[in-house]
Amino acid sequence: DQQVKQNSPSLSVQEGRISILNCDYTNSMFDYFLWYKKYPAEGPTFLISISSIKDKNEDGRFTVFLNKSAKHLSLHIVPSQPGDSAVYFCAASAANNNNDMRFGAGTRLTVKP
Amino acid sequence: DTGVSQNPRHKITKRGQNVTFRCDPISEHNRLYWYRQTLGQGPEFLTYFQNEAQLEKSRLLSDRFSAERPKGSFSTLEIQRTEQGDSAMYLCASSSAGGSYEQYFGPGTRLTVT
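Keeping their order, the protein sequence lines are chains L and A.
Numbering follows this note's numbering, in which position 26 of the first sequence is assigned residue number 26; successive positions increment by one, without gaps.
Numbering follows this note's numbering, in which position 2 of the second sequence is assigned residue number 2; successive positions increment by one, without gaps.
Simulated from the structure, these hints should not be mistaken for laboratory data.
Capping the alpha-carbon separation at 20 Å, the derived lysine to any residue pairs in SDA-like fashion look like this:
1) A:Lys11 - L:Ala41
2) L:Lys54 - L:His76
3) A:Lys57 - L:Ala95
4) A:Lys11 - L:Glu42
5) L:Lys5 - A:Glu44
6) A:Lys71 - A:Leu55
7) A:Lys11 - L:Pro40
8) L:Lys68 - A:Tyr101
9) L:Lys5 - L:Lys68
Just chain L, with the same shape it has in the complex:
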């Protein structure tokens, strides 16, 4: 069962513009959400997270927005840089079982110079 969905397998953006990556989830028990970035031949790297008590978390060029009613979150990268080109995974977990983290299938972001 795909409890975390990333419906866009790929996204291409021009350098300097905004990248918006989307993620939807179905399990209302999820209360903590994370974004990971993955380069080829490397494991996923933690990027940014958000708790369900917030609707926004910002870290430099990266901002995550959470819409609990829609069960939707998004990652905004602005301005986008060529080094941001990677696969981005959305992940979610629940406080009562925070060891079972569910991942989306990933979105491949390409930032063109």
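Given chain L, work out where chain A should sit, using these hints.
This is chain A only, laid out in the frame that chain L set:
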């Protein structure tokens, strides 16, 4: 660098053979996780250790799979009688206790079963 390390990075084996992978977590982390990732998918949870105790297993972890974490340090994942469907990237991650949700991943071991 004291990140999560995994060995080997690549393993090619013939169907029916046994394979073992090793994961060395970040030294101060007491939680360790194994995931499997196939092409075009995100990581799928396999099992989880807190210190040396294996506390959770996914239904994905068939009887041919076994994981250990002796002394609560490094961990091994063994697959017996490998099948072609076992071909995947096997990822290890670690985290600290105290409510931290962030898991830190190793580079993975890519298994190819021919």
